[in-house]
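Student: Sequence:
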Amino acid sequence: MEIAKPTILVVNDDGITAPGIKALMDAMSDIGRVVVVAPDSPQSGMGHAITIGKPLRLDKVEIYEGIEMYRCSGTPVDCVKLAVNKIFKGKKPDLCVSGINHGLNNSINVLYSGTMSAAVEGAIESIPSIGFSLDDFTLQADFSPCIKYVKELALQVLTNGLPQATLLNVNFPNSDNIKGIKICRQANAKWAEEFDERIDPHKRPYYWLTGVFQLNDGGEDTDVWALEHNYVSVVPIQFDMTAHHAIPFLNNWKFNA
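Everything in the sequence shown is counted per our numbering, starting at 1240 for the first residue and increasing by one.
In short, the hints are calculated from the structure, not lab data. Remember, it's a predicted structure, so these values are computed and weren't measured experimentally. Here a beta-carbon is modelled for each residue, glycine too, at the ideal position from N, C-alpha and C. It cannot be assumed that every hint is accurate.
Below, simulated BS3-like cross-link-like pairs (lysine-lysine); rule was C-alpha separation at most 30 Å, straight line [unchecked claim]:
#1 1390 - 1418
#2 1330 - 1299
#3 1330 - 1293
#4 1293 - 1244
Here are the simulated distance ranges between beta carbons [said to hold, decoys possible]:
#5 1488 - 1457: 22 to 28 Å
#6 1487 - 1427: 37 to 43 Å
#7 1492 - 1324: 39 to 45 Å
Given the sequences, and given the hints that come with them, work out the whole structure.
Tutor: Below, the structure written as structure tokens:
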């Protein structure tokens, strides 16, 4: 008896025509049945935003032969929600993969990332989920060195599953000589943001967000260290944002109210 192939939902935040999603779609096609649901335009930095107050469009498109693909007018999270509710109709896929993002989503970037938020939404829906990102923002990015690791990690998750309410944040260095995979923690870092102020033709100010990435972590077990040393970083993350270690501290407070 033939064993059914796993069904894999492929999403991203760079848009349905981005080279990164094509690379991820091709890799997953070697493993299972692929269904692509992606934004109709770039949605980088959207975080876990959802569309409220205006209609969403979901259109089936034929971009690549033999692949079931849908273009969504909403955010990356909208794409996952619509896929689960309208395409799979509650019969959830075996795996949700997001990316491959053009640009890193390591360290604090995970909070802002549309790529990772799509994967988080998959995990919220109890779908084993992975977000993939490459340290190259250009449309000419070469994803070929990533593909064997993408397949390996996807197969590991399909075979072994993941701990409850957990997903993987996977980042690739921009290198032809990747040394292997490192299981890491998220580095302690932040963006020191600045706003470049300019004046429009109507004499009104407007702003461009700029900033410098500040690393406050010298550990050799972080995603930043791994990437700087040409390893694939794999960080298990969770959507339960409770600071469990702070509960005993707060329980010592004496409330007067």
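Student: Need the status of pair residue 1330, residue 1293: alpha-carbon distance at most 30 Å?
Tutor: holds, 27 Å
Student: Quick one, are residue 1330 and residue 1299 close enough, alpha carbons at most 30 Å?
Tutor: Between residue 1330 and residue 1299 the Cα gap is close to 19 Å, so the pair holds against 30 Å.
Student: For residue 1293 and residue 1244, compute the direct alpha-carbon distance and say whether it is at most 30 Å.
Tutor: violated, 37 Å
Student: Could you see if the CB distance from residue 1488 to residue 1457 stays within 22 to 28 Å?
Tutor: holds, 26 Å
Student: Below or equal to 30 Å on CA atoms is what counts here, so check residue 1390 against residue 1418.
Tutor: Between residue 1390 and residue 1418 the Cα gap is close to 16 Å, so the pair holds against 30 Å.
Student: Is 39 to 45 Å right for how far apart the beta carbons of residue 1492 and residue 1324 are?
Tutor: holds, 42 Å
Student: I want to verify a distance hint. Is the separation of the beta carbons of residue 1487 and residue 1427 within 37 to 43 Å?
Tutor: Given a distance of about 22 Å, which is not inside 37 to 43 Å, the answer is violated.
Going down the numbered hints, you'll see the structure goes against 4, 6, while the others check out.
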